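Undergrad: One line per chain: the protein sequences are A and B, in this order. Just so we're on the same page, this note's numbering is the position in the first sequence counted from 1, plus 3. Just so we're on the same page, this note's numbering is the position in the second sequence counted from 1, plus 307.
The hints are simulated quantities; they were obtained by calculation from the structure and are not laboratory data. On a predicted model such as this, the values are computed, not experimentally measured, just so you know. Where hints are given, some of them may not hold.
Here's a subset of chain B near chain A, in silico, CB distances under 8 Å, partners left out [to be verified]:
| id | residue |
| --- | --- |
| 1 | D372 |
| 2 | R376 |
| 3 | V484 |
| 4 | S606 |
| 5 | D665 |
| 6 | A667 |
| 7 | R672 |
| 8 | L676 |
| 9 | G700 |
| 10 | R745 |
| 11 | D796 |
| 12 | L821 |
| 13 | G823 |
Even glycine gets a Cβ: it sits at the ideal position worked out from N, Cα and C.
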Amino acid sequence: MLVHQLLRQGAMTELVGPLSSGRTSLLTLCLRDVTRRGRLAALVDTDHAFDPVGAAAAGVELRHVLWVRAEGQRRRALKAADLLARCPGFALVALDVGESPPRLSLAAAFRLRLAAQRSGVALLVVGARRVVGGAAALSIAARRDRLAWAGPGPVPRRLAGMRSEFHLVRKQGAPATTEAERLWWTA
Amino acid sequence: MVDGVTRVACVLVEAFAAAALERCEPVLREQPLAVVTGAPPATRVVEANARARAEGVRPGSSDADATVRCPGLVRRLAALDAEAAARHALLEACLAVSPRLEDAGPGLVHVDLAGLRRLFGDEAAIGQQLRRQARAVGLEARVGIAGSRTAAAVAARVGPTVHVLAPGAERATLAAVPLATLEWSEALTATFTRWGLETLGDLAALPRDGVGARLGPAGLQAHDRATGVDRTPWAPWMAPLFWEEAQGVEWEIMTLPALAPVLERVLERLCARLVAAHLVADALDVRLALASGGHHARSVALAAPLAEPAPIAALLTLDIEAHPPSAPVTGVALSARVVPRRAAPGGLWEPPPPAPRDLAAVLARLTTLVGSANVGAPVVVDSHRPDACALVGFEVGDPDMASNSPASRHLAEAGRVSGGVGGDDSCEAAAGTLALRRLRPPRTVTVETRDGRPAHVGDPAGGGIVVVTCAGPWRASGDWWDVDVWARDEWDVALADNTVWRLVHDRLKHEWSLDGVYD
């Protein structure tokens with residue numbers, strides 16, 4: 004249900020948050036949801052941070068994922084995302100801009116949005132902070148709520164999970180409301 | 308009954324070499340025709356149509372003898388390509404009636420009649436339908452229907468043009484057929500005459516083992532023919548791998564703009580056939596007949612299988628423009644190498660996967676952009692070593708197989724139930740799996756420990772962060788039998804800056820490093 008709220012065909016969604024906020028876990032959930040239904044997803048990984056072993060354990064069908072590693076080259080990552088967004092047939096194109104993303108120019112951001120509109124691709128931009136601004140139809144901010152530790156004794160032996168809070172930053176076409184929309188999610 | 312076949316029709320075109328030539332030149336049907344081979348004076352008749360046979364022309368006779376017997380005889384050299392085309396046309400004609408055929412030789416096709424009664428009526432009606440189909444491709448056929456291929460082949464040669472042998476009465480019916488009405492080798496004919504055999508019944512009454520001992524394999528085949536017994540398995544005929552279309556032109560084409568419409572017309576016919584058969588062309592062979600008598604052949608490989616005439620025509624035109632023929636064109640022939648069309652997966656409202664052509668172009672551009680080592684589908688390597696993964700070529704396969712596989716469901720279920728701290732909020736979404744953002748390569752750090760547990764993480768660049776909570780260690784090792792032996796302790800640490808890291812202590816090098824951050 005969370006993925007359906009997040010991803011929209013032909014639109015761009017931005018998911019931002021600091022490290023350990025749960026944004027990458029939510030990205031993995033999106034990849035799982037898309038690939039389990041037999042559809043194709045592409046991930047442009049700017050910082051080479053994607054963990055295929057963990058994704059496979061989470062249920063992602065890796066053979067339906069096109070992984071493009073930009074090795075820290077942000078301009079190339081943006082070009083790769085632009086190419087993929089113009090290729091109809093991908094259900095999801097995710098651009099992980101990493102930890103220190105420069106803000107995209109207005110022209111580049113709206114170019115990405117237009118490409119997604121024309122091809123019907125759901126474009127998801129994940130990063131530490133907002134980079135596409137008003138071009139995103141939906142902007143979600145993530146924040147860590149609390150951690151859960153597990154272990155038989157007083158000293159924890161493993162990290163059991165993390166609860167994250169997502170709140171709506173921007174929603175295109177939605178009326179301005181005073182009450183913030185919030186959602187909690189556990190990974 | 309052989310291979311579950313209960314009733315068989317044998318479609319026979321007599322004097323097939325002559326019939327193939329008559330198919331190309333219909334006017335020859337009204338004239339006595341002999342198909343000849345060999346250079347004079349050794350020219351021999353290999354086949355003759357009914358009119359020529361009526362005049363006494365027989366296969367094997369010399370050209371001079373045939374001319375004496377039939378002064379108006381028309382002679383044509385044997386044309387192998389015309390025979391091959393006619394043979395294929397007869398098979399395709401029968402394929403329109405039944406999907407199960409056997410190519411028994413030039414002008415001879417066995418047709419499985421199972422299940423055809425509801426479509427065409429009784430067996431006589433099926434036989435008439437087979438004759439109509441053969442006539443539609445320019446061949447006059449006789450049809451025999453029986454319970455075995457051997458009996459049907461004999462029935463096709465004797466009696467009416469559609470000769471149906473009642474089930475169970477084949478042997479009795481065939482017993483009255485004179486041996487002279489069938490074609491035998493000269494040695495067999497002489498032997499039968501010496502033995503005093505006149506009908507198939509006489510031959511069938513002889514013991515098979517005795518006939519085989521005296522006449523060898525030819526005698527056994529003759530005995531099987533007389534008894535109507537099939538000894539060989541059914542060899543079904545499959546549609547050919549090459550699909551061809553051709554068109555001649557009445558004038559010499561000297562320019563590409565004039566040639567392009569002809570190419571498009573041929574391509575439209577070819578693509579229509581491919582679409583009907585649910586096939587797409589993977590490559591095309593173009594053969595242009597030239598006014599000089601030669602041919603201009605080109606082979607065009609398509610980047611992605613296609614069945615749309617417009618883009619293929621554009622590709623062919625560009626190729627011919629780059630490699631023009633040396634003389635005016637008088638004919639166009641296209642041959643397509645086909646592959647099955649891939650079914651579009653997904654639900655009714657879901658978009659199809661990328662077209663192979665688009666995907667290939669995008670992958671090529673991505674490879675140029677980031678390098679071939681950085682584009683592909685990730686795979687998990689069968690190893691306990693951390694971050695054991697690799698990249699393989701990205702292909703669009705059958706999605707249903709993967710999405711519905713038991714392993715997929717198992718992994719999905721595992722992902723759904725793993726982790727989780729629970730929640731009592733009404734806005735709580737379904738739980739997922741905590742993901743790790745890896746640092747490649749791992750970042751070396753200095754760690755202060757207290758009671759054997761990390762207490763402070765320092766960065767070589769300066770600064771340090773206090774460990775708020777840590778969990779572990781999770782000990783792992785592997786490849787101890789090899790030079791790449793590894794052994795490590797993993798710690799999950801929550802730092803004071805609100806980040807949660809996976810900290811690794813290498814037990815062989817005694818170094819600490821950050822493996823990744825939980826996010």
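Undergrad: Enumerate the violated hints, using their earlier numbering and listing them in ascending order.
TA: 1, 2, 3, 4, 6, 9, 11 and 12
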